[in-house]
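J.: Given chain A, put chain B in place with the hints provided.
Number of protein chains: 2
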Amino acid sequence: MPQRNPLAVLRPGKMSSNWITSAETPEDCRSNPLFLCVLSNTDTCRIPNISAAGATTELNDYTPAGDAEIVVYGSTRSVLELPMKRDGAPTPAVMTRAALQLTGIPYLFVNSGLQIVPDVPAIDLGAPPGRDIRYGDAVPYTGTIYERATQIGMQLGKLSDFITIGESIPGGTTTALGILTALGYDYGVSSSYINNPLDIKHAVVRQGIDASGLTTGKARADPLHAIAAIGDPMMPAVAGLVRGMTSSDMSIVLAGGTQMIAVFTILTHLGIDTSRISIATTKYVSQDSSIDFDAVIRDLGCPIHVVDPGFAGSHIAGLRKYEAGEVKEGVGAGGAMYAAGLLGVTQGEMLGAVEAVYEALMSG
Amino acid sequence: MPQRNPLAVLRPGKMSSNWITSAETPEDCRSNPLFLCVLSNTDTCRIPNISAAGATTELNDYTPAGDAEIVVYGSTRSVLELPMKRDGAPTPAVMTRAALQLTGIPYLFVNSGLQIVPDVPAIDLGAPPGRDIRYGDAVPYTGTIYERATQIGMQLGKLSDFITIGESIPGGTTTALGILTALGYDYGVSSSYINNPLDIKHAVVRQGIDASGLTTGKARADPLHAIAAIGDPMMPAVAGLVRGMTSSDMSIVLAGGTQMIAVFTILTHLGIDTSRISIATTKYVSQDSSIDFDAVIRDLGCPIHVVDPGFAGSHIAGLRKYEAGEVKEGVGAGGAMYAAGLLGVTQGEMLGAVEAVYEALMSG
Chain A
0 MPQRNPLAVL RPGKMSSNWI TSAETPEDCR SNPLFLCVLS NTDTCRIPNI
50 SAAGATTELN DYTPAGDAEI VVYGSTRSVL ELPMKRDGAP TPAVMTRAAL
100 QLTGIPYLFV NSGLQIVPDV PAIDLGAPPG RDIRYGDAVP YTGTIYERAT
150 QIGMQLGKLS DFITIGESIP GGTTTALGIL TALGYDYGVS SSYINNPLDI
200 KHAVVRQGID ASGLTTGKAR ADPLHAIAAI GDPMMPAVAG LVRGMTSSDM
250 SIVLAGGTQM IAVFTILTHL GIDTSRISIA TTKYVSQDSS IDFDAVIRDL
300 GCPIHVVDPG FAGSHIAGLR KYEAGEVKEG VGAGGAMYAA GLLGVTQGEM
350 LGAVEAVYEA LMSG
Chain B
0 MPQRNPLAVL RPGKMSSNWI TSAETPEDCR SNPLFLCVLS NTDTCRIPNI
50 SAAGATTELN DYTPAGDAEI VVYGSTRSVL ELPMKRDGAP TPAVMTRAAL
100 QLTGIPYLFV NSGLQIVPDV PAIDLGAPPG RDIRYGDAVP YTGTIYERAT
150 QIGMQLGKLS DFITIGESIP GGTTTALGIL TALGYDYGVS SSYINNPLDI
200 KHAVVRQGID ASGLTTGKAR ADPLHAIAAI GDPMMPAVAG LVRGMTSSDM
250 SIVLAGGTQM IAVFTILTHL GIDTSRISIA TTKYVSQDSS IDFDAVIRDL
300 GCPIHVVDPG FAGSHIAGLR KYEAGEVKEG VGAGGAMYAA GLLGVTQGEM
350 LGAVEAVYEA LMSG
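In order, the protein sequence lines correspond to chains A and B.
If you're matching positions, the first sequence starts at 0 in numbering that gives the first Met the number 0 and goes up one per residue.
If you're matching positions, the second sequence starts at 0 in numbering that gives the first Met the number 0 and goes up one per residue.
Warning: the hint list may mix true and false statements.
Selected chain B positions facing chain A (in silico; Cβ < 8 Å) [to be verified]: (1) N31; (2) L33; (3) S77; (4) L79; (5) N110; (6) I122; (7) L124; (8) P127; (9) L158.
Keep in mind that the hints were calculated from the coordinates and are not lab data.
Glycine included, every Cβ here is placed at the ideal spot set by N, Cα and C.
The following block holds chain A by itself, in its conformation from the complex (with noise of 0.2 Å):
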């Protein structure tokens, strides 16, 4: 059931197929595409309630491994437990997955502070795992992993000039919203939950930016030391392969809802040349009402693609949750299907591959 989104109202623009409302559509740059995904942990993922991308609290560490293992294999390998509740909404690489599948597209996953490293291989930026941000020191090394991530995105500009981001890291709307509340932007936060736990968020960035004593103007002025402060191992990881990507005639893709939302303000403050970007997620994320979507939308003047994978229609239970508003997006799983729209699947043959890949897993 695709729906037509307040997107296209707000921002006049075409649409590339009847399930992605884009403001702009990069047409030119189907040629050669590229999917990237970053792999972090923070321990902010451990405060209680916090995040319900992994089975447990507990086990959330091992969420972005387990992503990975689903993206190439179709199933865990070093991790036992899904990267999901029992019986909730799968986690969003099984969208990633059947959107890389459908198109063939290249993909490579980058290690940015990993705590458990998945059987897959991965470009490793020597990062150690992100901090509890409750302390005001989160990110140890923001420089060398930002240096480490320009290097690996020069060399990839150089043979892609379509390259789609995406990210796994548990706790990852929480340290979202840490970098831009000390960049002083009130955009709201998503949520894998239904129900956003927005005072434990809002307290736990409280408690980090006091901790760390940045104020709204040290952040701009430095938003490398915003993020070893309040951020999280992902964002100086995306924030260098962008500024590697030096070539004027790429497109840029940052695959995710709220926290590519931050990296796009860090890149904004870094005067990183931002005219080659653009953002794609899913309805999910663009329908939840603890983001104020038409305020980013305004601000950020990027094109923001939303992609609707008609989970509505689906005849399993736990893609529908989606439409309940449980997860909502991930492992660059909107910006996946967007590019996987660009290049012909209908949202028909996306819901199948989805489908199809969802079983496969599940009785794995």
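T.: Below, chain B alone, put in the same frame as chain A:
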């Protein structure tokens, strides 16, 4: 002083330039090149007097990390000593850096069993360092390395139609002799020393083969098992990368001397299509009397490109030592320069760039 190589006489072919002797030139594959360098360690290099690929035998473990840092930064970072003998010929990393700088070819490093990790991001195959081949159990997780490298090769093969793969692994000519002997080939073996310590190498290999119980039949029937017994972690990495690059219209250049000849024979016995593969190396390997290059060319049925960087005419004594047979090759130097030649770089430009890299390195 370009010197016509006997290869051009042995195999009818064309010269792509006056400093590169090629049997066949993949002229239609220059649109989207990529350079890969696999970095590995094997404890085999700790056997006294077996490898000159480091300042001292004790420092050989640092050589791949130092090489990678020289390629990226022009100097070492995490390693205090340069990966070369004092007053000796410089590491071939200076050629690789010069060629990549001149051409802008994108590059990625692959960590397949590093003891020391460089201050450079790399694709991590999660491999442990190789063990001393004398004990016949040299490469743990050979199959896993091979599978993970295959995954990476599948992705990179979609991004580039011309992939050059080099290596840096001290002790690698000894492990190459190990696998060649196990597979029943008697080409001899090159060396980073002027005076190749062949007696030591043959004794080491004999001991390893005896310890492992390998026969030629067993090794040919199961080349991965032979690598596990008497090879090194670079081999399953390069073999897997090639295996994953399934596109029939791409060119793969194995950049190196004896070690890539060993990989080529492994690929042959693995039943992998080698029709897209050529080998590029320096003239210092091709002129090494310790290796029967004529037999290699006759047996392998693989185009070999031989590169002369013109060091005979250099004002730098360290570079002229290559002409005397010191170091000879490594870090994919021959292949990187071959790609540069295909892209129109002249021998004079190459020599000048290598001299500049060398002078910056030594003054740093």
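J.: What hint numbers does the structure not satisfy?
T.: Of the numbered hints given earlier, those the structure breaks are 3, 4, 8, listed in rising order.
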